[in-house]
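Chemist: Spelled out, the chains give:
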Amino acid sequence: MKHPARKPAATMGQGLLERFTPTAAATFLSCLIGSLLGASAQGQTKINYNDHLQPLIEANCAKCHNPDKKKADLDLTSFQGALKGSGSGVIVVSGNLDGSKLWKALTHAEEPFMPPNRPKLADKDLDVFKQWILDGLLENAGAKAIAAAKPGLDLALNPQELARPEGPPPMPKQLPLEPVVHTARGGAILGLAASPWAPLLAVAGQKQVLLFHADTLELLGILPFEEGQPVDLKFSRNGKLLLASGGRGARSGRVVLWNVITGERLMTVGQEYDTVLAADIRPDQSMVALGGPNRLVKLFSTRTGELVQKIKKHTDWVTAVAFSPNGQVLATADRNGGISLWDPDSAQELFTLAGHKGAVTELSWRADSKLLASASEDGTVKLWDAKEGRQLKSWRAHGPGVLSVSYAPDGQLVTCGRDNAVTVWNGNGGKVRSLDFHGNLPLRVAFTHDSQRVFAADFAGHITVWAAVQAKPVARFDADPLPLAEQIATAQNHLKEIRSRAEQTARQIGALEAQQAQIKAELETANAVLESCRAQVAGPTTNGLPLSVLVLTNATQKVSVLAQTLAAVQTKLAKARREDDSAAAIDEAQSTLGRLQAAQLWSRIYKARETLASSKGERQKVAASLQASRQAIIDAEKQLDAARKAALDAQSQIKTAKADSAQQQPALKQLDAELQSSQARLAQWLREYQKLIQPNGDLAQKQSAH
Amino acid sequence: MKMLTPILSVFLLGMTFCARGNEAISELHVYPPALRLCSAKARQRVVVQAMQSDGITRELAPGALCVLANTNIARLANGMLYPVANGQTELRVSFAGQTIVAPVTVTNATVQPPVSFRLDVMPVFTKAGCNSGACHGTSRGKDGFHLSLFGFDPEGDYFRLTREQIGRRVNLAIPQESLIVQKGLGAVQHTGGVRFATNSDLCQTLVRWLAAGANNDPTNVARLEGIDIFPKTAVLEGSNVQQHFIVQARYSDGTERDVTPLAVFLSNNEIVARVSDQGAVTAGQRGEAFIQARFGEFNVGAQIIVIPKGLQYQWPDVPAYNYIDKAVYAKLKRLRLLPSDVCDDSTFLRRASLDIIGQLPEAEAVTNFCQDTNPHKREHLVDQLLDRKEFADLWVMKWAELLEIRSRDNEVYPKAVLLYYEWLRDQIETNVPLDRIVQQLLTASGSTLRDPAANYYQVEPDTLKLAENTAQVFLGMRIQCAQCHNHPFDRWTLNDYYGFAAFFAQIGRKPGDDPRETVIFDRHDGEVTHPVTKKVMPPKFLGGEVPKLNGESRRAVLARWLTAPDNPYFARNVANMIWAQFLGRGIIEPVDDVRISNPASNPELLDALATKLVAYKFDFKKLVRDICTSRTYQLSPIPNDTNADDERNFSHAEIRRIRAEVLLDCISQVTQTQDKFPGLPRGARAVDIADGNTSTYFLTTFGRASRGSVCSCEVKIDPNLSQALHLLNGSTVQNKLERGGVIKKLLKDGMSKDAIIRELYERCYSRPPTPDELTKLDGFFTPASQPQQVLNDVFWALLNSKEFVFNH
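Keeping their order, the protein sequence lines are chains A and B. Going by my numbering, the first sequence opens with residue 1, and the numbers climb by one from there. Going by my numbering, the second sequence opens with residue 1, and the numbers climb by one from there.
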């Protein structure tokens, strides 16, 4: 079944070649037309869809990707269909093999491998596809090339676009140097960041973030991160803020923001139940984005500290979060290889960047916000066009897995990976150089603000430093300083040692000076003797001349010996004096000690301030609660008053009632009296009546008759 | 004098103990038998076990009984031995007049070895249950974290722990805050909850390893070579009696270590014996239990018997007919069980006929056998039956099931099936020894039509499944688990599995001239790779060495090893399979699931049978004779007071439903009818069906093997409702009654109704009816009834009775 299907392809391919070679005239003509049209005059007929692609597609692809079956929503049998692409987007990008899914599938560089369950197409057939894409996706021999998305141009960085903020580069002024913890063994350094504008490096330590001068490597400050272990560090776009995210695994996660210059802790964001693996602050500092093992990306407002957006898209741990330097795009990535670009304002997804086959370990934006670099455990680094949402480049940077990628402001990249290598690449993914790394598994890399230096942090807690133009490292240090008290004790001992050595030198010099003085005196004496001898010899000859000559010789000899000795002592003395650097050393040691003591003091002050700040916060809280309780008292009082009033009213009512009743009592009495008097009257009337009827019986009868 | 006092007091204590126990102590053991302390952190639990003359074992507290000859070498406290200085001494244990001495060797007494990932840390994950199948040991891990099942892949586990999610699982700067520790402590959210306490050895080991830098082991780290459990058996009297077990690990550098606290203990019968995570077994109800201990990739087991306290037990004077009975009785004595009585002659006749030839005895044979007064008549019967052709038929059927002889569309053609079956029949009928048959199968090459044994490789073309089937059929082992991970309940590792599969990696198949034909040959090319290490696995015998091939066919080398008389599994497996055919239950049950956690109920019996089979040069007929003439085979199914609950120790016969083919043949036999199966002549018996695909409704209902797999579970003999309904209402019995016309014939022969009833009883039950049964049946013969009709009903009733359907 399969054999007949493949045969036409071969014959077509042959036919194609046959048709090309003899028709030199046609070639010439097309060449001529090509040069007239201004296309690249290579002297070759360009590959086009109708003549060259279609036969191959019919033989190899059309069984599934035809207008009726349209597997994966892809119809390859027409030029329009091929351009339209599949259900998951375009499959060919003019002039860009890396960005063309079709090419990846055909070369088995990416799943799905095509044709399915069969070996790759023959190289000459693949070349047809390759050339078609590179030549600009021509439809037919007369068609005009579709404008290539010139990646070379796109990958060039225009430094004019990078606006340096006003003012001096933000550097820490005076920060505490007291470490929160010092451990017996260095731990893996998970976070590393370089300030975009200043020679400043931030390193994630254990429960602390360390700031180093990127040139002098001097420790400039230690910012406590009591929330746990910091995992991701980011400088704000203007370099004035530092953000650290992290926490305790399976327990809690936070993001902390500091002022780089003052070291002041500005705010804490997030209340996560697992460590925050990645976070970033938007260049306008309006929001903080964070992500972690709960697969959510959360956006917080820095003004209110409130959660403003929650993005549920990633299907695995969120491992990287990065705002573009212009602040318009948020890139997030996960452990499953997924990358998404978002509009930070609406939290609407702009693009899904599919391609990585392993966890994405880091994202890095180029300074002009046009390109995004992603590093992955699949061993590749990929560059993405942020505007179009498509892959521009992909290369195997570190076979067993890339752990970190970082853009330099000048557009170079540095990566490190599980192959224990640190590599600098140019903007096109071309290898510039491998940096000599002798540590244990580099985890994070960063370029300095001036693109001059590269830093790499490793599994054992060391930082290696290179000048970017040289493979050999310039320095290596660890990020685990001793407590200041211990440093001070060491400095004190050192000072003591230097002092005792200085004393010793001073004694030595003193001894030499004494010796010199003595020899000088002796020399003078000897000179005097010599002079007198000479005088004797030169004077009138007396007896014993030969003796005088002998004495003269002796004296001369003595003088010369003494002069030599003196010269030796003087040399020694000069040497001792020259070598005596104790004053400078003492000065230096003293200044170191002073600096440390000052640092200790400052650390205390900082801590006190932080405590104060937090107690201020506490105080505010207490004050607020006090205020609230005061209000409550007032309310209660009001209620009480009201109640009192009500009680008073009631009393007055009672009173009124009582008064009423008091008023009514005399009336009652009156009534009683009236009643009594009426009764008395009645009784009287009765009596009178009795009196009346008894004598006058007739009248009584009259009355009864009525 | 001072030295003497403790010894004296020990002696006195021993005396008092002795006075308390009723039984004399017959044996005294100290475990481990040789005590070796190989580092400063070594500690060794000492277990002292005394066995009474009645077989009951007692654990004795070592404290007072044990004396160390030199306390400057080692010291004993609370039953634990600790190192003091390098050297040798001995531990003397005295009790009840018996003394036993165990050598003590202390080396590296001052050396604190570093915490090793493989030797110290990996066992923590197994002990704490982290890498079990229900948790992170599943193939995809749990909650995003994967560990290899029971730690079969230390290198992968090391990577996943330290490097997979860098910075998450381990924190080398602040070790105790590592997630792996916090999760285990349950200090943070953990689906698995609390696995260990802060001050536990498990946690401490982990933290110390992290604090030292969480280093991987050097390549020359000692390898675990094996483990032992002590004691191997215990007979506990009374519930709540305790017995401690210890697990000793042996390493490739010659060191030993008490790994009891790190071993995982399981009991297969919690009601009889509970086991703590520290290896302390507590007796429960009467019965038998098996304690399994797992450490690293090794599993070992110990047997526990629990008997009630103060049980009165008297072994009856029953003869042992042969070695089989001796082994069975020994086990019964230990369990304090009594064997049932021997069954009567008619039961034996029926049982032996069904088991050996798959037919019922003829009616007249019943009378003759019962009246025979020869004391050896049962043996003679067995001999006669073994010489019948039908004996071979049954075994051809059995092997055809194991070899999956069945046709499959476009793969195994009926012609090949028929030839394969005929070849097998030929082998068994001509009594070719079993080892020879297996050799022929494994080494078969050539056309599936001309060399039918080659169908062994056509029936199952998949390399891995071939290896699995070979192990299951011929060695009785299910190694499938080890395809993806080390076998959790047995010794088989991925290495073993793929090493064994490598024997089948070079089998070539090509089409022959006939479209139905495949030609099997050795390609001398092709390998099996280990899925974890991606290394090519050299062929390795299961539980054996890597053989030198010298260019020979891998299959030939395998066949030679497999069928060798000293192969530890083959003869045992075949013997067990044969035993199970006749006793209804394997000594290891299921017969094709030999593993450490499924031990033989009577290993001595199994060994004896296997030894005999080898001695008989794999002429299995002789073994069948031994089994059928043993007293154990002849026991009645009626239990006595002691053995009613026993199902494993052959103290009484097991009542078995007759398997599908034999049952159909028996119905045909007694009704004097014939069956017609596709592809076979009329009158052929069901046991003769060649192709596993040929079946009838009756056979399928009664659980005939479909031969779709090699599993012993293919044959189903569990009774069920559809079987009963089919016998009652189905066509088979009724049609056969009508077609056979047995009653009609017998009436025609002028037999009386009582004689006919007797005839029917003897045909179906192999016994005459009892007077009670006769009286009851008489009631149905009223003057109004047709005798033929009533007799037909009686016959129908007999065929539907349990006594007919079951072999008892």
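Since the hints were derived computationally from the structure, they do not count as laboratory data. One should not assume that every hint holds.
Derived lysine to any residue pairs resembling SDA-like cross-links, with alpha carbons at most 20 Å apart [claimed, not checked]:
(1) B/K535 x A/Q665
(2) B/K142 x A/P400
(3) A/K207 x B/V188
(4) A/K357 x B/R160
(5) B/K534 x A/P400
(6) A/K357 x B/E164
Here are a few chain A residues that face chain B, going by a calculated C-beta distance under 7 Å [said to hold, decoys possible]:
(7) K173
(8) H182
(9) R185
(10) G249
(11) A250
(12) G439
(13) L443
With beta-carbon atoms standing in for the labels, derived distance ranges [claimed, not checked]:
(14) A/R476 x B/G508: 37 to 47 Å
(15) B/K510 x A/P115: 26 to 36 Å
(16) A/N420 x B/G226: 54 to 64 Å
(17) A/N117 x B/K510: 15 to 25 Å
The C-beta atom is built at its ideal place from N, Cα and C for all residues, glycine as well.
Chemist: Please name the hints from earlier in the document that this structure breaks, with their numbers sorted from lowest to highest.
Modeler: When the structure is compared with the hints, numbers 1, 2, 7, 8, 12, 14, 16 turn out to be violated.
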